[in-house]
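*Asks:* Top line first, the protein sequences correspond to chains A and B. Position one of the first sequence corresponds to residue 6 (the numbering used here), numbered consecutively onward. Position one of the second sequence corresponds to residue 26 (the numbering used here), numbered consecutively onward.
The hints are simulated quantities; they were obtained by calculation from the structure and are not laboratory data. Glycine residues also receive a C-beta, built at the ideal position from the N, C-alpha and C atoms. Please note that the accuracy of each hint is not assured.
[Stated by the list, open to error] Here are a few chain A residues that sit away from chain B, every Cβ distance over 12 Å (derived from the structure):
hint : residue
1    : Gln18
2    : Glu27
3    : Phe38
4    : Glu69
5    : Ser71
6    : Phe96
7    : Ser101
8    : Glu123
9    : Ser142
10   : Gln147
11   : Ile151
12   : Trp226
13   : Asn242
[Claimed, not checked] Here are the computed lysine-lysine pairs in the PhoX-like style, where the Cα-Cα straight-line distance is at most 20 Å:
hint : chain 1 : residue 1 : chain 2 : residue 2
14   : B       : Lys105    : B       : Lys79
15   : A       : Lys219    : A       : Lys46
16   : A       : Lys241    : B       : Lys73
17   : A       : Lys146    : B       : Lys46
18   : B       : Lys66     : B       : Lys46
19   : A       : Lys21     : A       : Lys47
20   : A       : Lys188    : B       : Lys79
21   : B       : Lys47     : A       : Lys146
22   : A       : Lys260    : A       : Lys176
23   : B       : Lys106    : A       : Lys165
24   : A       : Lys189    : B       : Lys99
25   : A       : Lys219    : B       : Lys73
26   : A       : Lys21     : A       : Lys241
27   : A       : Lys189    : B       : Lys79
28   : A       : Lys25     : B       : Lys66
29   : A       : Lys146    : B       : Lys106
30   : A       : Lys25     : A       : Lys8
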Amino acid sequence: MSKVGIIAHGTSQFTKEDHKIESILHKSTNDLFQKNSSIAKKEIDAVLISTNNNSKYLSPILSEMSGIQPKIAHSIESLCNSGTNSIVSAFSYISSGLADMVLVSGAERYDSPGQILEWDNSRGEFKHPIFWASIFSKSYKQEYGILDEELAIVSVKNHKQAKENPNALSKKTYTVEDVMNSKKLTDDLRLLNCSRPCTGSASILLASEEMVKKYTDMPIWITGIGQKTTSAGFTKNISLSSMESTKLAGQSALKMANRNISEIDVAEVHDAFSVCEPMILESLGFTKPGEGMKMIKKLHETNNFMINPRGGLIGTGHPLGATGISQTIEIVQQLQKSAENRQTDNPKIGLIHNMSAAATSSTVLVVEK
Amino acid sequence: MSFELELSNGQFCIPECLVCKKIVWPPAEFCDNCNEKISLKKGEFEGKIIEFSKQNENYFCIVEFFSSIRIIAKMTSNPKKDQIVKISKCGISNGSYFFHII
Chain A
6 MSKVGIIAHG
16 TSQFTKEDHK
26 IESILHKSTN
36 DLFQKNSSIA
46 KKEIDAVLIS
56 TNNNSKYLSP
66 ILSEMSGIQP
76 KIAHSIESLC
86 NSGTNSIVSA
96 FSYISSGLAD
106 MVLVSGAERY
116 DSPGQILEWD
126 NSRGEFKHPI
136 FWASIFSKSY
146 KQEYGILDEE
156 LAIVSVKNHK
166 QAKENPNALS
176 KKTYTVEDVM
186 NSKKLTDDLR
196 LLNCSRPCTG
206 SASILLASEE
216 MVKKYTDMPI
226 WITGIGQKTT
236 SAGFTKNISL
246 SSMESTKLAG
256 QSALKMANRN
266 ISEIDVAEVH
276 DAFSVCEPMI
286 LESLGFTKPG
296 EGMKMIKKLH
306 ETNNFMINPR
316 GGLIGTGHPL
326 GATGISQTIE
336 IVQQLQKSAE
346 NRQTDNPKIG
356 LIHNMSAAAT
366 SSTVLVVEK
Chain B
26 MSFELELSNG
36 QFCIPECLVC
46 KKIVWPPAEF
56 CDNCNEKISL
66 KKGEFEGKII
76 EFSKQNENYF
86 CIVEFFSSIR
96 IIAKMTSNPK
106 KDQIVKISKC
116 GISNGSYFFH
126 II
């Protein structure tokens, strides 16, 4: 399989503002080209759009607004992991030889229709994600003897880290008490345990080895890809305290990269709700089952930004179609040592975990210098 | 009769394959194992509470039937894990299913 690298990226501010999806997409794409003016747009073979927005023909529209005439132009939707799934599609186009350079642009509005999967009627009247998050929290706390105050640390840590991210939605830091006293949504979930839907976009440019060498002397290579979909419905999850799709996708990605989880220096993981972060760390193998919170507490106490340096979804905000791309950009910046106040200590190998619909589908990427 | 038509009339049915007898969930027209037609089994079925939480005065519970069907149902009294329950009311409201258990 031929090598695929990341050569450029751009992002917008994540906000609660009301903008047209086309305008949001254009912001991060324009940012990418402004920061990388040497890139010849005529060399871009494909433009892939990651979004849950219902607007049509977005790839040709963005291509026209950006002055690109690609061979391949289409959208990709897979709820919250649309972003990394689009990156995997771009990788496939390049590694198959169908394209040499692919622009992947993800965007979402704060009122995205992707927030609730209407099809999953097995959840009855409890279709909002706060209900599956409450069930995960209850089950995880009971199985491993974890307290609400401990889960609150995830939110405290990720808001703290987001404060160092100029594009993040959150500008505040919070204490455990703030999280515990925030609005009670259910007996097992408070408002500050949740990521927030928002408006934002992120764009990334992938290229073949030949193009990578032409355009950058700091390439980041995608060395591992793992994807797994176990079902489309939350109630089909066999375990309510671990994530099977994440475990399988992580194993595939690490196998492809010929790496071990202990070699990962920095990671962005899909903390849609506080409880997701320890469950993901355990399912990926960073810790044993039930020990995810120990790792998170230690990282927080030592001010180590290894997990979710940009602030995760809880701190950065969650514009669904942009999230996986924004996560990937953060790890690229970490490996290139350009993450400024969020920079971790000399990372060489990074991991991105992005998932959908209560972990019924997961995508994991391994990236390296 | 379709699962949704029965549900809209307040009847919760078990979708089962006519040929291989597999219970198919979520309900569909065809079996996901052998691709044959599905039939609907009527009755008063007992389920087991797998997990639950609470919003305001109501509990929402994951209830499992025949080790293969799981739904989230509303309960007004205090549930317990592994408690055996029955559907007391179900239907479709504004396009969404609803299930109440006792």
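*Asks:* So which of the earlier hints does this model not fit?
*Replies:* 8, 9, 10, 13, 17, 19, 21, 22, 23, 25, 26, 28 and 30
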